[in-house]
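Chemist: As given, the protein sequences belong to chains A and B, one line each in that order. Residue numbers for the first sequence follow my numbering, so the first one is 1 and each next one is one higher. Residue numbers for the second sequence follow my numbering, so the first one is 1 and each next one is one higher.
Hints listed in this document are in silico derivations from the structure and should not be mistaken for laboratory results. It cannot be assumed that every hint is accurate.
[Unchecked claim] Ranges between beta-carbon positions, derived for each pair:
1. B/Gly77 to A/Tyr104: 41 to 49 Å
2. B/Pro111 to A/Gly8: 52 to 60 Å
3. B/Gly97 to A/Ala85: 16 to 24 Å
Values in this document were obtained by computation on a predicted structure and should not be read as measured data. Glycine included, C-beta positions come from ideal geometry on N, C-alpha and C.
Number of protein chains: 2
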Amino acid sequence: MTTPRNPGELELLMRSGIPMARAMGLRVADFDGGRLALVAPLAPNVNDKGCAFGGSIAGLLTLAQWGLVNLKLGEAGLDAEVYVADTSLRFLAPVWGELHAEAYVEGDPWPDFLVSVATIGKARIEVYGEIVGEDGGAPAARQLARFVAITRRAVEPD
Amino acid sequence: MTTPRNPGELELLMRSGIPMARAMGLRVADFDGGRLALVAPLAPNVNDKGCAFGGSIAGLLTLAQWGLVNLKLGEAGLDAEVYVADTSLRFLAPVWGELHAEAYVEGDPWPDFLVSVATIGKARIEVYGEIVGEDGGAPAARQLARFVAITRRAVEPD
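All chains, please: the whole structure from these sequences, using the hints.
Modeler: Here is the structure:
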């Protein structure tokens, strides 16, 4: 598997490689070069109270953040595996409809991150994520996640 | 929906009320009054790298922790809704087989927690969770989660 170079390749990678992403009904909604937005319908992601299941919120946010790191690597022509190291998630309000997740970074850490991956084969990055609140108001959930990217080793020929 | 009073009722509540719990293939493995253990097979929870998807790890841990709080309430004859407030999750090692999650508390916060729910109708509690490591060694993931329990209002008769 190689690093996806555009939102269509990312969606295909997530839906074909991660059964739970498919079960969640996840789609890439938008990527403007800085923010990645994913959506998922409520029905497969509902809990016993009729609102969005916390595990789906965690999964969707982590996939949005992981996806953003992959797209920035792919745009730069780099092929690296991206691992999540840790997450801190606050649930702020229930979600009663479609889930909208957005991932973004603060400042511009991408040049340093991409140069490190390209030169020493490894780098870390912090990515923020939010579940958009009802009627576009305050977020329904916020997550900070840290990722490690490691260049894929060239496969030795037989 | 009322608070589950035993592991069988909890498994039924999770699998019937939360489609993603069913999609994950989650089962209650054990409850000894203090620790709740859940298991899920790798196949539906795999990622693009062939090990467990971080979103499944987050979901399984949160369900184990949420389930433990529900069982302690149910054992005490209390009927309350349990909400996750926040989680901090560290991914420590990949999981290449069945996922085993365990939830537990530190010390004995249950008496204070249960008395608060019974008397003022609301209480908070911290619950720890671990994904058991390969060959039972160091954990593959650790999560601290905080929950709020709120007594269900009595339904007014017609």
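Chemist: Each hint: holds or not?
Modeler: Outcome of the hint check:
1. Separated by about 47 Å at the C-beta atoms, B/Gly77 and A/Tyr104 satisfy the suggested range of 41 to 49 Å.
2. At about 55 Å, the CB distance of B/Pro111 to A/Gly8 agrees with the hint of 52 to 60 Å.
3. Range check, B/Gly97 to A/Ala85: Cβ separation about 21 Å, and the 16 to 24 Å hint holds.
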